[in-house]
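Listed in order, the protein sequences are those of chains W and A.
Using my numbering, you'd call the opening residue of the first sequence number 1131 and step up by one each time.
Using my numbering, you'd call the opening residue of the second sequence number 183 and step up by one each time.
Just so you know, these hints were derived from the structure itself, not from any lab.
Remember, predicted model here, so these are calculated numbers, not experimental data.
Quick reminder that beta carbons are idealized off the backbone N, C-alpha and C, glycines included.
Among these hints, one or two may not hold up.
To be verified - Derived DSS-like pairs (lysine-lysine); straight-line CA-CA distance at most 25 Å: (1) W:K1308 with W:K1221; (2) W:K1221 with W:K1282; (3) W:K1221 with W:K1261; (4) W:K1221 with W:K1286; (5) A:K706 with W:K1269; (6) A:K924 with W:K1269; (7) W:K1261 with W:K1202; (8) A:K898 with W:K1269; (9) W:K1261 with W:K1217.
Claimed, not checked - Pairwise CB distance ranges (calculated): (10) W:P1156 with A:E545: 57 to 65 Å; (11) W:D1152 with A:R839: 17 to 25 Å; (12) W:D1152 with A:R336: 52 to 60 Å; (13) W:K1308 with A:E877: 37 to 45 Å; (14) A:F516 with W:A1154: 19 to 27 Å; (15) W:P1264 with A:Y828: 26 to 34 Å; (16) W:P1264 with A:A248: 54 to 62 Å; (17) W:D1152 with A:R876: 27 to 35 Å; (18) W:W1307 with A:W751: 56 to 64 Å.
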Amino acid sequence: MRAVPSAALSIGLILTAGCQTDVAVPPPEPPPTLFQAKEPGLLLRMTQADAERYLVSGVYGLEAESWRWTAKRAVVRLPMGPVAGLKLVMKFAVPEPVVARNGPVRLSVQVNDHPVEELRYSRDGHYDFEKPVPAERLKAYADNFVSIEIDKPLPKDVAGRELGFILVYVGLQPLTWKP
Amino acid sequence: MTDPAALAVARIVFGGGFTVAVAWALGRWFLRWTGADERLARGERLIFAFGLGAAWLSQLVFLLSAAQLAYAPVFLVAGTALLIAGARGRASPPAPLPDGSGLPRPLALLLLLVTAAYGYLYLAHTLAPEIGPDAASYHLGLVSRYLREHGFSRLTTNLYAALSQGVEMLFLFAFAFGRHSAAKVIHFAFLAATAGAMVCFGRRFGLGAAAPLAAVLFAVSPVVGADAASAYNDVALAFYAFLTFYLLLMWEQTRARALRPAIGVAAGFCYAIKYTGFLAVPFALGFLIWKSRPSPIRDWLPTAARVTLVAALFVLPWMAKSTIIFGNPVAPFFNRLFPNPHVHVSWESFYGWRMRHYAGMGERSWTEYLEVPLQLTARGDKLAGFLGPVFLLAPLGLAALRQPVGRRLWAAALIFALPWLANHGTRFLIPSLAFVSLAMAMALWRAPRRIALALSLAVVVGHAASSWPSVVDRWNRRPYLWRLAAAPWKAALRLEPEAAYLRPRLPESYVAQMIEAIVPPGAKVFAPSGNVAEAYTSRDVLVSFQSATGEVLMDHLLVPVEYGADPVWNIRYEWSPRELTGVRLVQMGSDSFQRWSIHELVLFSGTERLEPQPDWLLRARPNPWGAGLAVDGNLATRWRSWQPLYPGMRYQVDLPRPVRLTALELHTSADHPQARLELEGRDPSGRWLGLDSRERRSPLYPSRQEMKRLATRALKWQGIDYLVTDIRPRGGPNLIAPDIDKDPLAWGLRELWFEGPIRLYYIE
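Just need the whole structure built from these sequences, with the hints factored in.
So, in structure tokens, the structure goes:
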């Protein structure tokens, strides 16, 4: 008979466990980018907490809390609102081991499979890139895909990773935007 | 029969047969363990062992699913072990029962003939691919998902997953070996068990020829046949309701303590099968206490407590699962009492109303309900099936009230018919029908024997003939009639390909197969009107009316096209600059239908528009979980109360530190004119004060084109990549379909496939 109070207690706990009377939620993530009155543009920083959801392929995990290695070809997804008056912006690095082993390297940049630029680097270092992208090459209120491909990556490392270059951020920003 | 066909049939037979055998073995062990088997006759042992063992097997599958161990090999090993353990040992001699010599030979022959004919019909439908709409969408849809995911997952986008699924656990065990049709075999086994139990009951309680007659009346009923030959659960519930009753009357007769655990199992498992089965527990307790009078409480309390505790073993796991996943032990109901993010209060109200107004019955006038007796027994097009015209004679069964067993049968019939008041579907009367059939047959056999025999023969011939599919074709040609067609033996034996059988009978299965072919694994599909047979696809399909998430997704799509849903007002409140740590809108209006909503809420500090920050907190009452939709920057999405207006609703923004605020803008729709808003601000000391604000209302002219894009973008943000629409103009969820069909690109959609009125789009 001692089981009866236990059963009653269990039922009570189950019944009360569901009650949620005071709930507070933060504004939704990812941050709003769609409202028509907002500044257009989207910058994907490799450090941002939700970066993974924009990485399509060829971008590895965060290192030194600031950058990510890429594979031979890195592809990211940029969900955009309005697309008029935007430029492609990118901060990246060509690492010393890549140039030391392969000599000058070439980076091909594409947006939605349209070539944007071919970049050549014979020295390692940090680089900023930006170039206006015509609106007709972009998709409004849709995912836009940016791909960057290095012609001569490093051979696979011990972890089986093919290493290309280092990415800090990439995005489509208004023409007036400054890093 | 080709090899693949033979293999398919063998798998079905093994899946169904193995499950039934394991259930029987488990039940045999349980009956011996409790000592109840000594009280049972041979036939009772077989049926009770299957029924009680099936309940325990269901619990075992529940535990395995909770532990993510729902694998066919696990079921095979566990089942084999249980089969060996349960089948071992010699049983005690069966208790004697009066023989069945009360059954006149002509009636016995006729009943055998009818049983054979309907067995032939039902077995073919049972073995054929599943075409029952509810079975193909959620009963087996969920079973298939559990097997795929090896157990329960936090599935909150399908409120059917919140219901108790005791029989579905048995389906899962069988499905693992023989897929859909094996699950159907289990439900069909419950029909056979119910009919068998009715015959045994008649012998034990001296009902003579009435019991076999009643068993045939019950089993031949068109709605019972259609239900039993599908992976539904109403016939299983009828079995356990009857088993509870049977055990209670045995206990009344013998006062055997050994029967108490079995009563608890049968009554508790009624809840595990279907929420409406909860009535079995108070019925059993009420009966036990009533029949214990005038004994003092200490005499009957232990019996009642034991039955309650055993029943609780079958009730509490489902409540716990529902609490853990849905935040509501009885989800998807009682959401006012247990508010949760997964089911809206408005859905519950609408669902309850709809279930009481099948096909609009009773919407205009209560006099429309006068058609109910004919709908239930003969027409069936509005209430989804019919019992058979013979049940128009049910009131004659009241003559059975002259006998004690008859009074008990009618009491059970009424109790188990109560859920029908909440859901007018004919199948909700199936649990009551077994009792009514017995009462009718008893009443008939109160007549002199020769007259009773003649009447019985006439009733059986009339009922069996009028319920036979080809005969029904002649007298009831109403559309949308849920009943069995001619025996599909070619499909049952897989001589006709499954897809060929399914396509004309269940078009939703073809949509499911196309989704399977086109949509990649892991992608989510939104099918607002639910026209996808989920049991035939492994893709994740969300339906607009099956969860709060589905309703919100639907709302996004309706905003650009539904009159009154689009944001046409910008209401700006301005006040003298103040340091505030929060603002809130309090709604003071009342209305029975209108729901409050906010498409966007924007705060201003002077001319600066404040962007929502991650450290803001949004509170709303009701529906706090959707509060983010009012600050997501998307005009096609909105926070909604999902309840009619009542004073005291509020929407609140908490700021982490004082901010100098000067204005607030609301972008909102015109569909809740009765809303009365009051604005309050919280000063740095934490006090809420009315803000002396100036209200300025100006029209917004949102671009429809842009709204459509924003709507599908909102779906995309929430992980939905595909949309299925149905352009048949039925309103509701289909309201968007014709507009999308005219110009999918305007919505940011790319058409991937179409067939008749169905379209499948990719959300760009």
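Verification of the hints:
no. : hint                            : result
1   : W:K1308 with W:K1221            : 12 Å, holds
2   : W:K1221 with W:K1282            : 19 Å, holds
3   : W:K1221 with W:K1261            : 12 Å, holds
4   : W:K1221 with W:K1286            : 24 Å, holds
5   : A:K706 with W:K1269             : 22 Å, holds
6   : A:K924 with W:K1269             : 21 Å, holds
7   : W:K1261 with W:K1202            : 22 Å, holds
8   : A:K898 with W:K1269             : 14 Å, holds
9   : W:K1261 with W:K1217            : 5 Å, holds
10  : W:P1156 with A:E545: 57 to 65 Å : 43 Å, violated
11  : W:D1152 with A:R839: 17 to 25 Å : 21 Å, holds
12  : W:D1152 with A:R336: 52 to 60 Å : 23 Å, violated
13  : W:K1308 with A:E877: 37 to 45 Å : 40 Å, holds
14  : A:F516 with W:A1154: 19 to 27 Å : 24 Å, holds
15  : W:P1264 with A:Y828: 26 to 34 Å : 53 Å, violated
16  : W:P1264 with A:A248: 54 to 62 Å : 56 Å, holds
17  : W:D1152 with A:R876: 27 to 35 Å : 32 Å, holds
18  : W:W1307 with A:W751: 56 to 64 Å : 33 Å, violated
In summary, the structure is inconsistent with hints 10, 12, 15, 18 from the numbered list given earlier, while agreeing with the others.
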